[in-house]
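K.L.:
The primary structure of each chain is shown beneath.
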Amino acid sequence: MAQPPAPSVHVQAEDFDPGREQALLTRGRRDIGALVSFVGLCRDEDGALESLELEHYPGMAEAEIARVADQAFERWPLQGLTIIHRFGRIRVGERIVLVIVAARRRADAFAAAEFLMDYLKTRAPFWKKERRVDGAAGDWVEAKSEDDAATERWR
Amino acid sequence: MAQPPAPSVHVQAEDFDPGREQALLTRGRRDIGALVSFVGLCRDEDGALESLELEHYPGMAEAEIARVADQAFERWPLQGLTIIHRFGRIRVGERIVLVIVAARRRADAFAAAEFLMDYLKTRAPFWKKERRVDGAAGDWVEAKSEDDAATERWR
Amino acid sequence: MKALYFAWVRERIGLAEEEIAPPGDVVTVRQLIDWLSARGEGYAAAFANPATIRAALDKTHAGPNAPIGAAREIAFFPPMTGG
Amino acid sequence: MKALYFAWVRERIGLAEEEIAPPGDVVTVRQLIDWLSARGEGYAAAFANPATIRAALDKTHAGPNAPIGAAREIAFFPPMTGG
Chain A
0 MAQPPAPSVH VQAEDFDPGR EQALLTRGRR DIGALVSFVG LCRDEDGALE SLELEHYPGM
60 AEAEIARVAD QAFERWPLQG LTIIHRFGRI RVGERIVLVI VAARRRADAF AAAEFLMDYL
120 KTRAPFWKKE RRVDGAAGDW VEAKSEDDAA TERWR
Chain B
0 MAQPPAPSVH VQAEDFDPGR EQALLTRGRR DIGALVSFVG LCRDEDGALE SLELEHYPGM
60 AEAEIARVAD QAFERWPLQG LTIIHRFGRI RVGERIVLVI VAARRRADAF AAAEFLMDYL
120 KTRAPFWKKE RRVDGAAGDW VEAKSEDDAA TERWR
Chain C
0 MKALYFAWVR ERIGLAEEEI APPGDVVTVR QLIDWLSARG EGYAAAFANP ATIRAALDKT
60 HAGPNAPIGA AREIAFFPPM TGG
Chain D
0 MKALYFAWVR ERIGLAEEEI APPGDVVTVR QLIDWLSARG EGYAAAFANP ATIRAALDKT
60 HAGPNAPIGA AREIAFFPPM TGG
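Residue numbers (numbering that gives the first Met the number 0), protein chains in the order written: chain A, 0 to 154; chain B, 0 to 154; chain C, 0 to 82; chain D, 0 to 82.
It is worth saying that the hints were derived from the structure and are not from the lab. Be aware that one or more of the hints could be misleading.
Said to hold, decoys possible - Derived DMTMM-like pairs (lysine to aspartate or glutamate); straight-line CA-CA distance at most 20 angstroms: (1) A:Lys128 x A:Glu151; (2) C:Lys58 x B:Glu61; (3) A:Lys128 x A:Asp30; (4) B:Lys128 x C:Glu10; (5) C:Lys1 x C:Glu72; (6) A:Lys128 x D:Glu72; (7) D:Lys58 x D:Asp24; (8) D:Lys1 x D:Glu72; (9) A:Lys128 x B:Asp30; (10) B:Lys143 x B:Asp133; (11) A:Lys143 x A:Glu52; (12) B:Lys128 x B:Asp138; (13) C:Lys58 x C:Glu72; (14) A:Lys128 x A:Glu13; (15) D:Lys1 x D:Asp57; (16) B:Lys143 x B:Asp69; (17) B:Lys128 x A:Asp45; (18) D:Lys58 x A:Asp69; (19) C:Lys58 x C:Glu16; (20) D:Lys58 x A:Glu93; (21) C:Lys1 x C:Asp57; (22) A:Lys128 x A:Asp69; (23) A:Lys143 x A:Glu13; (24) C:Lys58 x B:Asp133.
Claimed, not checked - Reference excerpt, derived from the structure (chain B facing chain C, CB under 10 angstroms, subset only): (25) Phe72; (26) Trp75; (27) Asp117; (28) Pro124; (29) Val132; (30) Gly134; (31) Trp153.
Cβ coordinates follow ideal geometry from the N, Cα and C atoms, glycine included.
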């Protein structure tokens, strides 16, 4: 059995193509039975939001995502992993984050994908500021205690 | 808030494009925050498998998948759902099944996607027969008791 | 009524489908399985272990004690292995 | 050492980064926060509620009692909201 490839981690301003990333992860592979992909999108709460401005800590963002990816590989038997997190201005309806987990079995792929998203939410150094349709600068999005609770359950 | 569209359910011999299906589900939408997609692939155990022949019960397959989809919409607040299940000959490395769940929040999308896969495994009328590299007809794949256990946890 | 067979149930019986006319005292799915089992070796082999047989009445899952009622189609198959 | 500020910590202090030279009795992250808070109104506002401040030493998360040690870079920011 081939060694699973190293996690592919990207922090970038550009959009990504989830279908292309899935194809890259599975191309030529015979050992992947389950592929779970998560895409987080900029959602509009009430029609007032124009976009989010995502600030990040360059260097630490990549390092922290890589650490979380390594933890996922330690906890579950995985065959491949891609994580992309955008920064900068992201309009309503646009993609923010992508996690793709490849595994032999679906239970491992689902668990790892959910673990990764919970950890990214609470540990990856990104901060969202709202920009409103009326041109006003909105608030910084506040961290949710439910995200902390979601992370806690993996301990 | 717009009414979520009816689940899109397809049972087909042809392959599908996960990226295209994701795009179709999210196009023009502002209310989707989380998109979880599952792709099940034909995995090779030991190099002896050439392909799977998927037999299905036409009519019941579509109806049963639609029933399971309705259950998911009753249990979680979902914004959209696509399910595609292939039949016929599927070679190692090829896609078998696709589930895409769109929701406001990621926990709902993950839970519904996992529920759908557990239920499809144990309730959708499909049967896999192995075809071996040496040309011999292989065995019918046996149902796994762990799949029944996975389904039971949703009761 | 129409009987449909799938996967190794189909292979053992040697038919994908057939018209059947069970007598009036065959009321439940289980009784229909017993009646079919007596029709020949292939049927007996297909239904030898009832625990591995699933059934559907008019394309809806049905347990062994479900009444056949006025169903127009009954299907027999092994536990499902899709997904 | 270099201090980096992000999100509303950056906005309140009015700087994205600066060189700082804390005295020798500033040993932990918490002590550095207290020392910075005394530098002016912006700092005091940024660090007014320590429960909402997160820190990283050389790009690794660090709690309030972590020793600064020989870190070359310390960052302060609110709880993360990525993903």
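K.L.:
Indicate, hint by hint, whether the structure satisfies it.
P.N.:
Going through the hints against the structure:
no., hint, result
1, A:Lys128 x A:Glu151, "violated, 25 angstroms"
2, C:Lys58 x B:Glu61, "holds, 10 angstroms"
3, A:Lys128 x A:Asp30, "violated, 41 angstroms"
4, B:Lys128 x C:Glu10, "holds, 12 angstroms"
5, C:Lys1 x C:Glu72, "holds, 5 angstroms"
6, A:Lys128 x D:Glu72, "violated, 25 angstroms"
7, D:Lys58 x D:Asp24, "violated, 23 angstroms"
8, D:Lys1 x D:Glu72, "holds, 5 angstroms"
9, A:Lys128 x B:Asp30, "holds, 18 angstroms"
10, B:Lys143 x B:Asp133, "violated, 26 angstroms"
11, A:Lys143 x A:Glu52, "holds, 18 angstroms"
12, B:Lys128 x B:Asp138, "holds, 6 angstroms"
13, C:Lys58 x C:Glu72, "holds, 8 angstroms"
14, A:Lys128 x A:Glu13, "holds, 18 angstroms"
15, D:Lys1 x D:Asp57, "holds, 10 angstroms"
16, B:Lys143 x B:Asp69, "violated, 25 angstroms"
17, B:Lys128 x A:Asp45, "violated, 50 angstroms"
18, D:Lys58 x A:Asp69, "holds, 17 angstroms"
19, C:Lys58 x C:Glu16, "holds, 14 angstroms"
20, D:Lys58 x A:Glu93, "violated, 28 angstroms"
21, C:Lys1 x C:Asp57, "holds, 10 angstroms"
22, A:Lys128 x A:Asp69, "violated, 29 angstroms"
23, A:Lys143 x A:Glu13, "violated, 26 angstroms"
24, C:Lys58 x B:Asp133, "violated, 36 angstroms"
25, Phe72, "violated, 19 angstroms"
26, Trp75, "violated, 19 angstroms"
27, Asp117, "holds, 8 angstroms"
28, Pro124, "holds, 6 angstroms"
29, Val132, "violated, 20 angstroms"
30, Gly134, "violated, 18 angstroms"
31, Trp153, "violated, 15 angstroms"
Hint check: violations occur at hints 1, 3, 6, 7, 10, 16, 17, 20, 22, 23, 24, 25, 26, 29, 30 and 31; the rest are consistent with the structure.
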